[in-house]
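Enquirer: Residue numbers (our numbering), protein chains in the order written: chain G, 1 to 147; chain Z, 148 to 561.
Hints in this document: simulated from the structure, not taken from any laboratory.
Treat the numbers as computed from the prediction; the structure is a model and nothing was measured.
Misleading hints may appear alongside valid ones.
[Stated by the list, open to error] Incomplete in silico selection of chain G near chain Z, CB under 10 Å:
(1) Tyr8
(2) Met11
(3) Leu38
(4) Cys39
(5) Lys62
(6) Cys67
(7) Lys81
(8) Gln104
(9) Ile108
Even glycine gets a Cβ: it sits at the ideal position worked out from N, Cα and C.
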Amino acid sequence: MSGNADIYHEMIVDYSRNPINYGEIENHDVTFHDSNPLCGDSIDIDIKIDENKITDIKFHGKGCAICMACSSVLTEITKGKSIDEARAIEKNDVLSELGLEHLQAVRIKCALLSLKVLKSALYTYIGKNLTDAEDVDKLKTEADNLY
Amino acid sequence: MQSTESLFENLRKDFPILKRTVRDNKRLVYLDNASTTQKPNQVIDAITDYYQNHNANIHRAVYALAEESTEAYEATRDKIANFINIKNRQEIIFVRGTTEAINLVAYSWGRPHIKEGDIIVTTEYEHHSNIVPWQLLTQEKGAKLEYIRMDDDGELILDDLDKHLATGKVKLVTFSLMSNVLGTITNAEKIIEKCKAAGVLTLIDGAQAVPHMTVDIEKLGCDFFAFSGHKMLAPTGIGVLWAKKSVLETMVPFHGGGDMIREVHKYEATWNDLPYKFEAGTPNIADVIGFGAAIDYLVKIGMDNIREHEIELTKYAIEKLSAVKGLHIYGTKDISKRGGVISFNFADVHPHDVAQIVDGEGIAVRSGHHCAQVLMERLNVAATSRASFYIYNTKQDIDILVNALNIVAKVFKL
C-alpha cells in the first residue's frame with residue numbers, strides 16, 4: 001500500500017467511524033465553534049467545568065478521518081484535567097497519540113482544529129472571569145500565537 | 148493525417164511538467180484541470196521570448212521595442228475575437244481573471260444601474276466569484292439576490308427564472324456556462340431567450356466552458372461574458388471580460404490611472420476609448436502574449452476535437468468509477484449535458500482523506516467545497532472529491548485513479 005495510505009491505520013479509521021466523546025453537553029459552562037475554511041471541517045466543543053476542573057467535554061461537527069480521530073483523542077486526554085493543565089496541552093500531545101507527528105503541512109490544520117477550538121473555549125471561559133487588563137492582554141497574546 | 152487519439156497522445160510531450168514524477172517516482176496524474184491547467188512549451192517559450200527580446204511598456208513610446216510589445220499584446224485581442232466569435236475587438240477587456248471580470252461588472256455596471264428593490268438572479272451551482280460580488284452590490288444598494296435552484300440531476304430549474312422575471316424587478320441574470328463542481332452544461336440559449344423577452348441583461352461565467360468546447364458569443368447573445376486564461380493553458384493572472392459596446396458605454400470606470408484616460412486636469416478627467424477605459428495601469432503584457440500562444444495551441448488541435456476527447460474520457464471515467472465500492476457520482480449521467488468534471492464521494496469517507504491517499508499514488512485531484520459552498524449546502528455535503536480532465540489526460544490516468552480509489556475503499560473497509 002502507498003505511503004500516504006499508511007497514516008490511515010486501524011485506530012484512525014476506528015475513531016473516525018466511532019468517535020469518542022461525540023455529542024453535546026446541554027448545561028455546558030463554555031462552548032466554542034470554529035471551522036477550517038480550506039476544507040470545510042467544522043468542530044464545536046462543549047465543556048463542563050467544576051472547581052477549575054474539566055469534568056466533562058464533548059465535541060461534534062463534520063470533518064475528515066484525521067480531524068475526527070484527533071478530536072476524539074484530544075477530548076480523552078482533556079477530561080479530568082485542570083484548566084491550566086488543559087491550557088498547556090501541545091500539538092504533539094495529540095499527534096503522538098495517533099502517530100501523526102510527521103503529518104504534512106496541509107493536513108496539520110485538520111489534525112489541530114479541535115485543539116484550536118478547545119484552547120479558544122478555555123480562553124473564552126477564563127476571559128469572562130478576568131478583571132485585570134494585563135491578564136486579558138496576556139491571554140490575548142497567547143490566543144494570537146495559537147498556530 | 149494522424150488519428151485524433153494519437154494527436155492527443157502526442158501532445159503530452161509539449162508539457163514539460165508531465166515528464167516529472169511525484170511521491171516515490173510515480174507518474175504524475177494531473178486531474179485538477181477545473182482548477183488550473185498545465186502549460187505547454189509553446190506558452191512558456193512565448194513568455195520567455197517576450198522578456199528576452201521585446202520587453203517594453205505598451206501604447207506609449209515610439210521606439211522599436213514598444214512597437215513590438217504593443218503589437219504582440221494587441222494580437223492576442225484579435226486571437227480572442229476570432230476564438231469566441233466577437234465582431235468588435237474594442238469590446239474585449241483584459242483583466243486578471245474571471246473573478247476580476249465579474250467584480251468589474253458588479254462595480255462599473257452595478258453602481259450606476261442597480262437601485263433599491265432591484266433583483267439580481269444567480270444560480271445554486273455558481274462559484275463564489277459569481278455570488279459574493281452580487282451579495283456586496285445588493286447589500287450596498289438595498290437590492291435583492293435571488294437564486295435559480297438546481298434539481299437532483301444537477302440541472303437548473305428554469306421555472307424559478309420565470310418566477311423571478313415575472314416580478315419585473317430583475318436587472319441581471321448571471322450564470323456559469325458549466326458548473327465547476329458537477330460539470331453540468333447550462334442551457335444558456337433558453338435562459339438568454341427568456342431574459343431577452345423580459346428586457347433583462349445576462350452575464351455568463353465562461354471559466355469552465357471556454358477551455359473545453361466551441362463557444363460562440365455572437366450566437367449566445369448574452370450581454371457580458373467572462374473567462375480566465377489559466378484554465379486553458381495560459382499563465383495565471385490573465386483573463387477576459389467581454390461586454391456589448393452599448394452596455395460598456397453606460398458603465399463607469401473600474402480603476403482610475405494611466406492608460407484609461409484621454410485628458411487629465413487638476414479636478415477632472417475624460418476617459419479613453421474602449422477597451423482602454425477599463426484597462427488602467429500597465430497591464431500583464433507578458434501573460435497576455437502567453438495567452439495568445441495558448442489560443443494558437445488550442446485552435447491547432449480544434450475545440451471540437453477537444454470536446455470529443457473529453458466526452459470519451461468522461462464516459463470511460465463514469466463507467467470505471469461507478470464500479471468502485473461505495474463511490475457516488477454527483478450530477479447528470481447524460482454525457483451530452485456535462486463536461487469533463489466529475490465530483491464524487493464515498494459513503495462516509497471524507498474527501499480530504501480520499502485526496503491524501505490518492506496523492507500517495509501521484510494523483511492530483513481536488514477535495515473540498517470547490518469555492519461553491521451554496522452548492523455543497525444544496526447537495527447536503529461538506530465537500531466532494533473532484534477529478535477534472537484536459538487535453539493531456541488519458542484513459543491510463545483514469546485507470547490509475549480507479550486503482551487508488553480502490554485502495555481508499557480497502558483502507559476504510561467499504
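Enquirer: Starting from the hint list further up, note which numbers the structure goes against and sort them upward.
Expert: 2, 7, 9
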